[in-house]
Amino acid sequence: MIEVRELYHSFKIGKKGKEKEVPVLKGLNFSIQKGEIVSIVGRSGSGKSTLLHILAGFLTPDRGTIRVDGTMTTSYSEAERAAFRLSTYGFIFQNFQLMPGLTAFENVELPLKLSGVDRAIRKQKVKELLTIVGLTDVQHHYPNELSGGQQQRVSIARALITDPPIIFADEPTGSLDSETEQDILLLIQSLNRTRGITFIIITHDDTVAETADRIYRMHDGELKEGGVTHAV
Amino acid sequence: MQFKDQLDFVRQHIKKNKLRVFMTILAATMGTAFLIVLASVGFGIHDTMRKEILDNRAVNEIEVYSDQMNESTVEKLKKRDHIKAVVYRQSMDLQSTISLDGFEGSQQLIITDFKEEGKVGFALKEGRLPKTSNEVVVGSHFAQNLIEPGEDPELPVTYDGELMGKQFTYQMGLYDEKESFPEETAFTIVGIAKEPAKDWIQDANIYADESIIPTLNQIYQANVEEPDGELFYGNVKMYADKLENVKTVSNALKEEGYSVYSIADQLEQIDVFFLAFKAGLVFVGTIAILIASIGIFNTMTMAVTERTREIGVMKAIGASPKLIQRLFLMESAWIGILGTVIAVILSYGISYIANMVLPMIVSAALSEEDLGGLDVTFSIIPWQLVLIASAISITVAMVSGWRPARKATKIDVIQALRQEL
Ligand SMILES: Nc1ncnc2c1ncn2[C@@H]1O[C@H](COP(=O)(O)OP(=O)(O)OP(=O)(O)O)[C@@H](O)[C@H]1O
Ligand SMILES: [Mg+2]
Chain A
0 MIEVRELYHS
10 FKIGKKGKEK
20 EVPVLKGLNF
30 SIQKGEIVSI
40 VGRSGSGKST
50 LLHILAGFLT
60 PDRGTIRVDG
70 TMTTSYSEAE
80 RAAFRLSTYG
90 FIFQNFQLMP
100 GLTAFENVEL
110 PLKLSGVDRA
120 IRKQKVKELL
130 TIVGLTDVQH
140 HYPNELSGGQ
150 QQRVSIARAL
160 ITDPPIIFAD
170 EPTGSLDSET
180 EQDILLLIQS
190 LNRTRGITFI
200 IITHDDTVAE
210 TADRIYRMHD
220 GELKEGGVTH
230 AV
Chain B
0 MQFKDQLDFV
10 RQHIKKNKLR
20 VFMTILAATM
30 GTAFLIVLAS
40 VGFGIHDTMR
50 KEILDNRAVN
60 EIEVYSDQMN
70 ESTVEKLKKR
80 DHIKAVVYRQ
90 SMDLQSTISL
100 DGFEGSQQLI
110 ITDFKEEGKV
120 GFALKEGRLP
130 KTSNEVVVGS
140 HFAQNLIEPG
150 EDPELPVTYD
160 GELMGKQFTY
170 QMGLYDEKES
180 FPEETAFTIV
190 GIAKEPAKDW
200 IQDANIYADE
210 SIIPTLNQIY
220 QANVEEPDGE
230 LFYGNVKMYA
240 DKLENVKTVS
250 NALKEEGYSV
260 YSIADQLEQI
270 DVFFLAFKAG
280 LVFVGTIAIL
290 IASIGIFNTM
300 TMAVTERTRE
310 IGVMKAIGAS
320 PKLIQRLFLM
330 ESAWIGILGT
340 VIAVILSYGI
350 SYIANMVLPM
360 IVSAALSEED
370 LGGLDVTFSI
380 IPWQLVLIAS
390 AISITVAMVS
400 GWRPARKATK
410 IDVIQALRQE
420 L
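Residue numbers (numbering that gives the first Met the number 0), protein chains in the order written: chain A, 0 to 231; chain B, 0 to 420.
If you're looking for bench data, these hints aren't it; they were derived computationally from the structure. Computed from a predicted structure; not experimentally measured. Keep in mind that the hints are not guaranteed to be accurate.
[What the hints assert, rightly or not] Each computed DSS-like pair below joins lysine-lysine, with the alpha-carbon atoms no more than 25 angstroms apart:
hint, chain 1, residue 1, chain 2, residue 2
1, A, Lys112, B, Lys14
2, A, Lys11, B, Lys406
3, A, Lys15, B, Lys409
4, A, Lys14, B, Lys14
5, B, Lys409, A, Lys112
6, A, Lys126, B, Lys3
7, B, Lys197, B, Lys50
8, B, Lys321, B, Lys83
9, B, Lys15, A, Lys122
10, B, Lys15, A, Lys112
11, A, Lys15, B, Lys406
12, B, Lys3, A, Lys122
13, B, Lys409, A, Lys14
14, A, Lys11, B, Lys409
15, A, Lys112, B, Lys321
16, B, Lys14, A, Lys122
17, A, Lys112, B, Lys406
18, B, Lys3, A, Lys112
19, B, Lys3, A, Lys124
Let the hints inform the model, and build the full structure from the sequences given.
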């Protein structure tokens, strides 16, 4: 499903004229299969988020190619990448990244609006999904009227609403207590089973990593497979 | 994203910052209303002047001058296209003395072609047109200019008897000589012309047919030893069938070497002047709108900065840069449109009040009871002005929203998402 070849990226830091190149990704080669949950672990600053940003198209790599179902996304223009994200990717962030001016319902609805889906269909789909993630009671609350766990469920629902085949999650449980974390992980697993969605989860939490079918370890700018935790 | 949803989105954002948006709209409204009201004065004065000119004189009239003006030239002029009538009036550069029942006057004798005159509004109050060379029509104020001689010049006694059918004698004389020529010509009044359209114009002339010319010429030659030039000089007024044709006709005449004067020419000059004048007013008004645009620029820049994280989220989810730009442009356009709409309504109100109140103030200042003659419109807002002002105002709003909107599209997703809530 996702195939990464010879991916390099480095950041320039320091003042203009005296910049220093800091290599973060040093030639990554890996692939992710359809329908699996993959977790990427590694020490802080090892480049996990950078990799996710490149995969998602927020950042253009210095070198290397990414193919998603055969199409090379690394050669896309910004507008093409945006359209591709809308149709193919869902995102779950550590700090939820909900729109503060929109209710839970409207936040989940937003990607459908961007896709130009009709209002009636939107309402129907959002309702269904809110039931699945268990947010029907608080659907008209604004983000600041929701608990962390509830906000993360809203953000999961938002990631799911367009039925994307791939969902990226950067520290999805990083801001949650361990009980809520467990809830969210179960939700991710069940969505993976029932809908066949591929999850790419970045974490440094072992319990989170262990929910994955496969673990990749980021170290020294390279990505190594850390073994299969349990069979699909 | 469907257009309806885009509008919804913009509306939600505006609602969140009502006061700021309201102030910005207020500035845009003031700028636009200033432009419209200012330019409306130009339109008002222009209209007043045009009306004044069109009202007072015959618009289709073209005065034609030529050194060789004579019967045959006039006949040629009559044959031109788009001509309704050619009135050829001839008069003499001589002093005239009229005496009727002991009253005397010095009314001018005018030789004209009654057929042509009739085509362009020369009408009689009573009587008929002359049939012989000694029959005449007199102007409506003929009698008021007949005075009993020897009376107090401060309190003249004027003739108030019957005119129709009366006979009077006519004597010519040189201006620099006391005595008139001895020959007397007798004329019979067969008709009285209608009053001129404007009540401040007096018509005391005597209108006669051209068949009298030989008689008068004879008298002239008998009394003047070395006549310098012709006795009669002519004055030709052509009348175009339509106002639109005045220009064509007068241009053609100019090319053929005639000197031409028409109201249409004068109107054109006035139109050109006022076009420049109005453009100047619009320019000054535009400066006010440009000042308001600084407000729009500020508001939009603040809106983009405030929503950096939200824009980042939108982009992360998959909103295209184009859409982001469109949403912000729509917001500034909305400010411009609403500001313009309010400004247009406000301007009509101001214009209405100005037209009602200003004449009162002016008449109070002039301390005159009746200003019947002063028919001034101070402010007119034609739809063209509304169109121009709207175009300027909305364009300026969109242009000042352009940079902030561009800035929004350039927001880096990663940096934006890193921002604290
Ligand atoms: N915009 C940037 N400019 C310069 N250096 C950067 C930039 N973004 C990241 N880096 C550097 O790249 C390296 C990798 O950062 P990254 O955020 O990918 O780490 P991470 O693995 O996600 O860490 P964490 O687990 O703490 O989130 C770090 O050393 C960081 O300092
Ligand atoms: Mg990170």
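Okay, the hints, checked on the actual structure:
Restraint check for A/Lys112 and B/Lys14: the C-alpha separation of about 19 angstroms stays at or below 25 angstroms, so the hint holds. Annotation: proposed proximity of A/Lys11 to B/Lys406 holds, straight-line Cα distance about 23 angstroms (limit 25 angstroms). Taking the CA atoms of A/Lys15 and B/Lys409, the gap is about 21 angstroms. The hint holds against a cut of 25 angstroms. Only pairs whose Cα atoms come within 25 angstroms are accepted, and A/Lys14 paired with B/Lys14 is rejected, the gap being roughly 42 angstroms.
Of the supplied pair hints, the one linking B/Lys409 and A/Lys112 holds, its CA atoms being roughly 22 angstroms apart against a limit of 25 angstroms. Restraint check: the Cα-Cα separation between A/Lys126 and B/Lys3 comes to about 21 angstroms, which is no more than 25 angstroms; the hinted pair holds. At roughly 14 angstroms between alpha-carbon atoms, B/Lys197 and B/Lys50 fall within 25 angstroms of each other, so this suggested pair holds. Of the supplied pair hints, the one linking B/Lys321 and B/Lys83 is violated, its CA atoms being roughly 64 angstroms apart against a limit of 25 angstroms.
At most 25 angstroms may separate the alpha-carbon atoms for a hinted pair to count; B/Lys15 and A/Lys122 meet this at roughly 24 angstroms. A C-alpha spacing of about 20 angstroms is found between B/Lys15 and A/Lys112, which places the hinted pair at or below 25 angstroms, so the restraint holds. Restraint check for A/Lys15 and B/Lys406: the C-alpha separation of about 23 angstroms stays at or below 25 angstroms, so the hint holds. Under the criterion of a C-alpha separation no larger than 25 angstroms, the hint pairing B/Lys3 with A/Lys122 is consistent with the structure, at around 15 angstroms.
Only pairs whose Cα atoms come within 25 angstroms are accepted, and B/Lys409 paired with A/Lys14 is accepted, the gap being roughly 22 angstroms. Distance restraint check for A/Lys11 and B/Lys409: the Cα-Cα separation of roughly 20 angstroms lies within the 25 angstroms cut-off, and the hinted pair is therefore satisfied. The hinted pair formed by A/Lys112 and B/Lys321 meets the criterion: a straight-line CA distance of about 15 angstroms does not exceed 25 angstroms. The straight-line distance between the Cα atoms of B/Lys14 and A/Lys122 is roughly 23 angstroms, inside the 25 angstroms bound, and the hint therefore holds.
Pair hint A/Lys112 plus B/Lys406 holds up; C-alpha atoms about 23 angstroms apart against a cutoff of 25 angstroms. Distance restraint check for B/Lys3 and A/Lys112: the Cα-Cα separation of roughly 10 angstroms lies within the 25 angstroms cut-off, and the hinted pair is therefore satisfied. As the CA atoms of B/Lys3 and A/Lys124 are separated by approximately 19 angstroms, the hinted pair is consistent with the 25 angstroms bound.
Going through the hint list in order, the structure does not satisfy hints 4, 8.
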